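Novice: Below are the chains, spelled out letter by letter.
Protein chains: 2
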Amino acid sequence: MRAATATGAGGPDVLSVTEVDEPRPQPGEVLVDVVATAVNRADTLQRQGFYPPPPGASDIMGLECSGRIAELGEGVEGWKVGDEVCALLAGGGYAERVAVPVGQVMPVPGGVSLVEAACLPEVAATVWSNVFMTAHLARGERFLVHGGAGGIGTMAIQLAAARGAEVFTTAGSPEKLELCRSLGATHAIDYHEDDFVEVLQEAGGADVVLDNMGAKYLGRNVTSLATGGRLVIIGMQGGSKGELDINALLRKRASVTATSLRARPLSEKAAICCGVVENVWPLVASGDVRPIVETTMPLEDVARAHRMMDDGGRAGKIVLTL
Amino acid sequence: MRAATATGAGGPDVLSVTEVDEPRPQPGEVLVDVVATAVNRADTLQRQGFYPPPPGASDIMGLECSGRIAELGEGVEGWKVGDEVCALLAGGGYAERVAVPVGQVMPVPGGVSLVEAACLPEVAATVWSNVFMTAHLARGERFLVHGGAGGIGTMAIQLAAARGAEVFTTAGSPEKLELCRSLGATHAIDYHEDDFVEVLQEAGGADVVLDNMGAKYLGRNVTSLATGGRLVIIGMQGGSKGELDINALLRKRASVTATSLRARPLSEKAAICCGVVENVWPLVASGDVRPIVETTMPLEDVARAHRMMDDGGRAGKIVLTL
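Line by line, the protein sequences are chains A and B. End of the first sequence = 322 in this note's numbering, gap-free, step of one. End of the second sequence = 1322 in this note's numbering, gap-free, step of one.
In short, the hints are calculated from the structure, not lab data. This structure is a prediction, so every number in the text was calculated from the model and none was measured. Just so you know, not all the hints are guaranteed correct.
To be verified - With a straight-line cut-off of 30 Å between C-alpha atoms, the simulated DSS-like cross-links for lysine-lysine are:
| # | chain 1 | residue 1 | chain 2 | residue 2 |
| --- | --- | --- | --- | --- |
| 1 | A | LYS252 | A | LYS241 |
| 2 | B | LYS1080 | A | LYS216 |
| 3 | A | LYS241 | B | LYS1241 |
| 4 | B | LYS1080 | A | LYS252 |
| 5 | A | LYS241 | B | LYS1080 |
| 6 | A | LYS216 | A | LYS241 |
| 7 | B | LYS1216 | B | LYS1241 |
| 8 | A | LYS216 | A | LYS252 |
| 9 | B | LYS1216 | A | LYS252 |
| 10 | A | LYS241 | B | LYS1252 |
| 11 | B | LYS1216 | A | LYS80 |
With the hints as constraints, model all of the structure from the sequences given.
Specialist: Rendered as structure tokens:
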């Protein structure tokens, strides 16, 4: 089958489409004929050699896909060959076929195309697990997400707004800020112009912060928290070691959690996917949460897709079709 | 009435017993005739000027007491004058009488004297709220508490062991280590001899750590955590600003929470006291959890009691009787 593979670690040009062996579905897995996959920040880190796949995962990139079930592994029930699905992957999405544990296979939500569905699993699972399962964002609470125009940001804004939170976000251009507002952010903060700490403090503090900057924002995120606030860190684009002001945290009775989705055990991923299907898919079907796709291109353009990701400046996700 | 008061901030000798006005129970409060109170680390910090009482709290020290209800404030139901009780206080326990929000008044658990009951509310509420309500320590999990021979430590060891956790603790003398073992710690670690990080890592990591050292142990506590581990910081005896290794936290999908009990709103304190009466008092009544009292002395010896607390080297709590 065709798959995007890398010749060593490095820039986007290490990527190209080659012929590789097809995966076989193990017991409890399904084999999916991939129709589309999407590019995530973690893919570009993996390409650069910073984020090796977890043990047992495919060394092909791609953390999500949509497609049709081609074959059922031993013991799989509830699905049949030909079903249209999307799936959360530990890797392997940049290929014509991928084997997926059945707990990570989800129906395509109503109201979106099979291609669009490829860019939902990773962001929906990340936002649902961190903002709702871990941080328990509740109706009426104040929520801050950094990088509101990105894949995670656009999902987080929409989902938090749809569930009745007051949404604050940061972005770096007028177009991105406007996108954030159109998705439901009531406070879209231009980080070149304004200090998000001041904005949040004036509003009474953030109950939940979803952060991808790590060390660079650690102190400012803690300062932005309200009493009882929960900071959840899911990326370290701003470094991994930061000073924690324990006294500030203690006075607020606040918490800092750092998580990743990819290395979680299958049982946790299955529970997250259940939560997504139950809580996020209905909001997609109703149009309250929509996939934000910047562009779609064939898998053969994988190097170009990664270059766009590296250059930043995007809004929404980059989808690759097979 | 008699109360221990301080002439300025400083060493134990600033404390003496003087005559002050009696408090009046406000609506929703009860007035308690204090039989006994106990010394907590926070009292010694307050004496030194480092830990001012929260707004509205008595400026008399004392975060817990036992005694008999002397008067019911407006709207109080479920108690009557003469009832023997113990109570969690925001302050005011070092006195003949104290006014307490009714949500913080608890019955005296079976099997302990009214004097012994004075040293249970603060440690029971601290351990219950942090280890169980916040960190959700579960049966079969590994639990590490630092300073196992202290007031918090002795309660944490007993409660965690009684609820089926595997208990690790640190202490600094053979006598203290023996006390910890007798209370249910299966791994009592002499911090002069052994590295708790190594012990925990060999065992598979701590699911929950209860820490009173703050910055000094932040890195080592994070290193000691298991996947999904929860570090709860309730004291900063080792400083307040420490380096947080976000990458280590993220790889473990772990959290750091810092909390204090005293400044919480009444509704939260009431919920905590409910949890204590429901979950901790039955274990006290059955003898699985017992108050560890180092010594009992009259309130007039308050300066000596604080000197003992400052000197360290103790095991269990210091009780003051009225």
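Novice: Tell me if the straight-line CA distance from LYS216 of chain A to LYS241 of chain A falls inside 30 Å.
Specialist: holds (9 Å)
Novice: Given the hint that LYS1080 of chain B pairs with LYS252 of chain A, does the C-alpha gap stay at or below 30 Å?
Specialist: Between LYS1080 of chain B and LYS252 of chain A the Cα gap is close to 36 Å, so the pair fails against 30 Å, i.e. violated.
Novice: Straight-line Cα separation of LYS241 of chain A and LYS1252 of chain B no greater than 30 Å?
Specialist: Distance ~15 Å between LYS241 of chain A and LYS1252 of chain B Cα, so the pair holds.
Novice: Check whether the Cα positions of LYS1216 of chain B and LYS80 of chain A lie no farther apart than 30 Å.
Specialist: violated (56 Å)
Novice: Assess, step by step, whether the Cα of LYS1216 of chain B is no farther than 30 Å from the Cα of LYS252 of chain A, and give holds or violated.
Specialist: holds (20 Å)
Novice: Is LYS216 of chain A close enough to LYS252 of chain A, meaning Cα to Cα at most 30 Å?
Specialist: holds (21 Å)
Novice: Are LYS241 of chain A and LYS1080 of chain B close enough, with their CA atoms no more than 30 Å apart?
Specialist: Violated: LYS241 of chain A and LYS1080 of chain B sit about 56 Å apart, past 30 Å.
Novice: Is the Cα-Cα distance between LYS241 of chain A and LYS1241 of chain B 30 Å or less?
Specialist: Holds, because 13 Å separates the two Cα atoms, which is no more than 30 Å.
Novice: Would you check the hint for LYS252 of chain A and LYS241 of chain A, treating anything up to 30 Å between C-alpha atoms as holding?
Specialist: Holds, at about 22 Å.
Novice: Straight-line Cα separation of LYS1216 of chain B and LYS1241 of chain B no greater than 30 Å?
Specialist: holds (9 Å)
Novice: For LYS1080 of chain B and LYS216 of chain A, compute the direct alpha-carbon distance and say whether it is at most 30 Å.
Specialist: With a Cα-Cα distance of about 56 Å, the restraint between LYS1080 of chain B and LYS216 of chain A is violated, given a limit of 30 Å.
Checked against the numbered hints listed earlier, the structure breaks hints 2, 4, 5 and 11; every other hint is satisfied.
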